[in-house]
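From first to last, the protein sequence lines are chains A and B. Sequential numbering from 0 applies to the first sequence in numbering that gives the first Met the number 0. Sequential numbering from 0 applies to the second sequence in numbering that gives the first Met the number 0.
These aren't lab readings, by the way, just hints derived from the structure by calculation. Since the structure is predicted, the reported quantities are computational estimates derived from the model, not experimental observations. Be aware that a few hints might be false.
The calculated lysine-lysine pairs, modelled on DSBU-like cross-linking and capped at a C-alpha distance of 35 Å, are [to be verified]:
1. Lys-172(A) x Lys-145(A)
2. Lys-457(B) x Lys-222(A)
3. Lys-15(A) x Lys-51(B)
4. Lys-172(A) x Lys-11(A)
5. Lys-358(B) x Lys-15(A)
6. Lys-358(B) x Lys-372(B)
7. Lys-194(A) x Lys-636(B)
8. Lys-573(B) x Lys-614(B)
9. Lys-225(A) x Lys-613(B)
10. Lys-145(A) x Lys-615(B)
11. Lys-613(B) x Lys-192(A)
12. Lys-155(A) x Lys-636(B)
13. Lys-614(B) x Lys-172(A)
14. Lys-202(A) x Lys-613(B)
15. Lys-298(A) x Lys-194(A)
16. Lys-2(B) x Lys-51(B)
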Amino acid sequence: MAFPVKRLSSQKSLKKGVLEEELCTGCGACVGLCPYQVIYHDRTVQLHYCDLEDGKCYAFCPRTPTDLNALRELLFNSADLTPEIGAVKSYYFSRAADSRLRESTQHGGTVTALMELALARGFIDSAIVSSRNQEFLQNGTVVNEKAALRNNAGSKFTVSPTVAAFNQLVNDKSGKIGVVATPCQALALAKMKLKPVKNDSGKIGQLQLIIGLYCGWTLSAEKFTKLLTQNNISLQSLKGMDIPAGKNILELYTNNDTQAVPFDDVQACVREACHYCLDSTAEYADIAVGSARFGNDWKEMRRWNQLIVRTAKGKELVELAIKRGVLEIREAPVESLQELKKAAMEKKNTALRNIIRKSGSAKNLLYLDRHDPIVQKFLKNKASDKKSR
Amino acid sequence: MSKLLSPAKTEVLFMGNEAIARGALEAGLSVAAGYPGTPSSEVIENLATVTKERKLYVEWSTNEKVALEVAAAASFAGLRSVCVMKQNGVNVASDFLLHLAASGTRGGIVLVTCEDPGALSSVNEGESRYFARMLEIPLLEPADFQEAKDLTKWAFELSEKIRNIVILRSVTRMSHASGNVICGKLPDKSGIARFIYDGLITDPLRGPVISTPVVIKHTLQQEKVKKAVELFEDSPFNKYFGPRHPELLIITSSVCFLYSQEAISMLGLQKRVGILKFGCTWPLPTKLLKKYLRLTDKIMIVEEVLPFLEENIKVAVVGMLKEIGIKTFYGKMDGTLPSVGELNADLVVHALGKIMKVKYKSLPGSYTREIKKIAPLIPERELTFCPGCPHRASFWSINNALQLDGRGGFVCGDIGCYAMAALSPAIGFNTVRTLHSMGSGTGLASGFVKLNAFGLEKPVLAVCGDSTFYHAVIPALINAQHNRADITFIVLDNAGTAMTGFQPHPGLAVSAMGESVPAVDIPKICSAIGAKVAISDPFDLEGTSRTLTSLIAESGSLKVLILRQICALSPEKKGKKKFLMQVNEELCLGENCGCNRLCTRIFRCPALTWDQIKKKAAVDEVICAGCGVCYSICPQKAIMRTEAAE
Ligand SMILES: Cc1cc2nc3c(=O)[nH]c(=O)nc-3n(C[C@H](O)[C@H](O)[C@H](O)COP(=O)(O)OP(=O)(O)OC[C@H]3O[C@@H](n4cnc5c(N)ncnc54)[C@H](O)[C@@H]3O)c2cc1C
Ligand code: SF4
Ligand code: SF4
Ligand code: SF4
Ligand code: SF4
Chain A
0 MAFPVKRLSS QKSLKKGVLE EELCTGCGAC VGLCPYQVIY HDRTVQLHYC
50 DLEDGKCYAF CPRTPTDLNA LRELLFNSAD LTPEIGAVKS YYFSRAADSR
100 LRESTQHGGT VTALMELALA RGFIDSAIVS SRNQEFLQNG TVVNEKAALR
150 NNAGSKFTVS PTVAAFNQLV NDKSGKIGVV ATPCQALALA KMKLKPVKND
200 SGKIGQLQLI IGLYCGWTLS AEKFTKLLTQ NNISLQSLKG MDIPAGKNIL
250 ELYTNNDTQA VPFDDVQACV REACHYCLDS TAEYADIAVG SARFGNDWKE
300 MRRWNQLIVR TAKGKELVEL AIKRGVLEIR EAPVESLQEL KKAAMEKKNT
350 ALRNIIRKSG SAKNLLYLDR HDPIVQKFLK NKASDKKSR
Chain B
0 MSKLLSPAKT EVLFMGNEAI ARGALEAGLS VAAGYPGTPS SEVIENLATV
50 TKERKLYVEW STNEKVALEV AAAASFAGLR SVCVMKQNGV NVASDFLLHL
100 AASGTRGGIV LVTCEDPGAL SSVNEGESRY FARMLEIPLL EPADFQEAKD
150 LTKWAFELSE KIRNIVILRS VTRMSHASGN VICGKLPDKS GIARFIYDGL
200 ITDPLRGPVI STPVVIKHTL QQEKVKKAVE LFEDSPFNKY FGPRHPELLI
250 ITSSVCFLYS QEAISMLGLQ KRVGILKFGC TWPLPTKLLK KYLRLTDKIM
300 IVEEVLPFLE ENIKVAVVGM LKEIGIKTFY GKMDGTLPSV GELNADLVVH
350 ALGKIMKVKY KSLPGSYTRE IKKIAPLIPE RELTFCPGCP HRASFWSINN
400 ALQLDGRGGF VCGDIGCYAM AALSPAIGFN TVRTLHSMGS GTGLASGFVK
450 LNAFGLEKPV LAVCGDSTFY HAVIPALINA QHNRADITFI VLDNAGTAMT
500 GFQPHPGLAV SAMGESVPAV DIPKICSAIG AKVAISDPFD LEGTSRTLTS
550 LIAESGSLKV LILRQICALS PEKKGKKKFL MQVNEELCLG ENCGCNRLCT
600 RIFRCPALTW DQIKKKAAVD EVICAGCGVC YSICPQKAIM RTEAAE
């Protein structure tokens, strides 16, 4: 279907173009702005009908049309831009110097260490991270001290409506804000910076830092909890999880042991929306962090991160972290960056294919603008792929 | 002193229902039972005010069938009793009524049914006149207020003469309008109850009261009908008005008599048109009918809704064609008058003018022009729940829970104020999708959930009020539990039969006569049936929607949520505000993105108003009931509440 732009109400357009098309990432950007949208479990729910036409919900959603070029121009130095992984000022392997911290984080603890420093040095006054409640549901939460940051470290592979926390919990007293965000969440926050809504006095000015996470997909909480139950893994005992490099399993770390679930089973729990997502490296963040992939020693590798610095602000923070010995750095081999670009390209190609399959035409890319130069580049790639085959 | 006890020969302004009550008192009534329903409720309500003075037993029964059984017991014991209900109540009572009419009665017993052509306060325009014919029971229909009293009194005498129940039918325009009535004497002695049952089974007066042996009792019943016809032949309640040789004869009954009279005089046809008015409409007194049919060849039958009178007349005419000759009939069957909705003088004028070829000069054009000028000035009033009504809050949470659940669930509605949620969907936030008779919501819901085997996999909810719960829901609930229908059933418990004027019901510790009685506990009944029961205050929007959402999500068993909050109009609450409400205009976002008038566009309590000029919401202090619920919906906390001083 063509994207319903005009003149449906914003809420209806969101419903028809995003929710009903199953493009909703669950980021929460349309939630907490007003009484109409809420997140329940990992569904975005419209409680009542709103008939406004130029609403924030539609404007902020990362799955409504955006002038991405304008966004890139606004946020980045054009010399830094790459088609595969966005703006790159510098690229490292990194980890938190504090080994105790590393133990409680997902990989090298780079994200948590950087946020700690940002708070301590006044880059930001509050950080929004993702926390999980007893019912296994995730929410963004505002924290402003080290202990709380550490408590919420570690990746939860189910969706987190982190942006809703920005909408809902931030007020003039919260001061400067930093957010840990997946690529879709980072895009929503970046869209807010374009100030797409007239007379929106909003708080986007308070947003000072986005630390993005690499992202392959997230899981539907509903399907995933079912999978865990089937495998006799109690939600309460679950401490963490990861995908060991080169193995086709998801490892689940519980209170007393490690269990493995075949990756195919996990794949079936991936949210539909992720199949239409082009971004694997949080291209619209200040800093992007993922897992390191090098050598063969997974145990060693696991406690390192890849780190992309994208903006001047990101650079300032990372350099300070290195200087003060908060982060340990290791030079990334050239192949590593090549690998990353290749993987990122693959995600873009797959997503474009899926988008075209859904819309039924290469002329209709749903939320994407087919004239966007980067999109065009990948469309051409695909065309030449076909020819060469 | 109640005006119901006015001395004989005084002229009193009575509402139709008061006239009926007075007629019953003049007849020496002992027992009255009924179930509230507009336009019938005032008969029992009025009788309940004079129980001491007149030594009456009066009750609101759980439903119309039980009410009729209670009244019949009095009759079996030789007392005079009345049973009062609205039109569809007769359907509820009809199973017992069939057997009662067959067994016969002893003390005079009258079933008063107040009906609602045009469905002014009903969801049907059901007809109970057909029950009279189908169940072979005499039917009386008063045409004015004096008759409402006199015919009621006579109905008891008739009942005792034929030893069977008699139906007296009124309509909204009779029950709820008022007129002068000259009172008769109130008897001095009260009745003594004696139930005799040791005679033969075939002895209707001394044996057990029973409808068998069926053929013998049925024969007896039909003899009673014949006797009634004889009495009707010279009843003063059947009367001819008009010239000796009319060109057209109107045959009518009930309030249609008044409409016909008015139409004749408006058209100036007094010399050309006569009216035969029947007070006794079934069985028809055919001799009397024949006498007046001879007057002319053109007959017009004026009655409301279905052509009951017309059918009966036509059937009778077939048997007398030889004597009276061919007639031309005007009525419902040829489309002269509509067979739906209420009649009024205008409709009769129109029809009569056409037949008589007389033009009716309506009001001058200037009048219409004036009306057109004034009409827009009349403020629009939309159908909605009252300010402070618990139902608005309940449906708000029901909607939220259904949206959160996300499986497209819906609600089966029921009869009470909350039926408005179905009549005007926006009021119920588009949740209620069916509406039928009392208790049907729950039965329908338990049927709907069984359709999951056929692909309808949606959660189904049913709502009902507290009074409706006792009336007809309990069997449906038992059915749901027994057949594993995992519906979510919600009782909107506002502590009274609010829609019809706060008549007490079995959930309350007070009876119709003001005595203290045991209250029957809804949660206990539901638990005893085996349902999972939760209770919530609908004014707690958060809590209610949370509780309901988790109930809806549970499958496999019957779930009940009782939403308890007293009706805003209840005597306990009326005029007392819990909170004083005010909108902080600084905070109010109005039409802007971030709110878009949630309070006045969606929640729509009548006390919330929209200031077009300031573009801000406001609270109309006069209308506001002070429930404080809108405080919880405003995203800006712009609607502020402060605890009202006692
Ligand atoms: C859903 C998801 C998918 C991912 N997919 C990949 C991938 O394919 N490849 C890859 O290299 N890396 C992926 N990552 C990133 C990786 O798991 C680590 O988060 C990253 O390497 C940083 O590690 P760290 O030790 O510095 O993180 P930590 O110091 O442990 O900090 C992690 C931070 O992320 C926040 N967080 C946790 N879950 C979420 C969530 N669902 N949404 C938003 N914020 C969250 C936490 O609150 C915490 O602040 C993914 C992360 C997530 C959440
Ligand atoms: S964000 Fe604005 S436009 Fe969208 S639903 Fe809310 S009030 Fe309406
Ligand atoms: S993607 Fe985010 S903003 Fe868009 S509809 Fe889903 S939750 Fe709302
Ligand atoms: S794959 Fe894309 S849409 Fe899915 S969670 Fe990651 S960034 Fe969001
Ligand atoms: S809900 Fe609150 S913010 Fe919205 S219009 Fe009403 S008073 Fe104003």
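So, going through the hints one by one against the coordinates:
At most 35 Å may separate the alpha-carbon atoms for a hinted pair to count; Lys-172(A) and Lys-145(A) meet this at roughly 19 Å. Our distance criterion of 35 Å between C-alpha atoms is met by Lys-457(B) and Lys-222(A), whose separation comes to about 19 Å. At most 35 Å may separate the alpha-carbon atoms for a hinted pair to count; Lys-15(A) and Lys-51(B) exceed this at roughly 67 Å. Among the hinted pairs, Lys-172(A) with Lys-11(A) is consistent with the structure: their alpha-carbon atoms are about 33 Å apart, no more than 35 Å.
This hinted pair does not check out: Lys-358(B) and Lys-15(A) have alpha carbons roughly 59 Å apart, beyond 35 Å. For a cut-off of 35 Å, the pair hint linking Lys-358(B) to Lys-372(B) stands: about 27 Å separates their Cα positions. Straight-line distance between C-alpha atoms of Lys-194(A) and Lys-636(B) comes to about 25 Å, which keeps the hinted pair within the 35 Å bound. With a C-alpha separation of about 31 Å, the suggested pair Lys-573(B) and Lys-614(B) falls inside the 35 Å cut-off, and the hint holds.
This hinted pair does not check out: Lys-225(A) and Lys-613(B) have alpha carbons roughly 52 Å apart, beyond 35 Å. With a C-alpha separation of about 43 Å, the suggested pairing of Lys-145(A) with Lys-615(B) is violated against the 35 Å cut-off. Restraint check: the Cα-Cα separation between Lys-613(B) and Lys-192(A) comes to about 31 Å, which is no more than 35 Å; the hinted pair holds. About 34 Å separates the Cα atoms of Lys-155(A) and Lys-636(B), which keeps this hinted pair within 35 Å; it holds.
Proximity of Lys-614(B) to Lys-172(A) is assessed by CA-CA distance (about 28 Å); at most 35 Å being required, the pair is judged to hold. Among the hinted pairs, Lys-202(A) with Lys-613(B) is consistent with the structure: their alpha-carbon atoms are about 25 Å apart, no more than 35 Å. Proximity of Lys-298(A) to Lys-194(A) is assessed by CA-CA distance (about 44 Å); at most 35 Å being required, the pair is judged violated. Under the criterion of a C-alpha separation no larger than 35 Å, the hint pairing Lys-2(B) with Lys-51(B) is consistent with the structure, at around 15 Å.
Checked against the numbered hints above, the structure violates hints 3, 5, 9, 10, 15; every other hint is satisfied.
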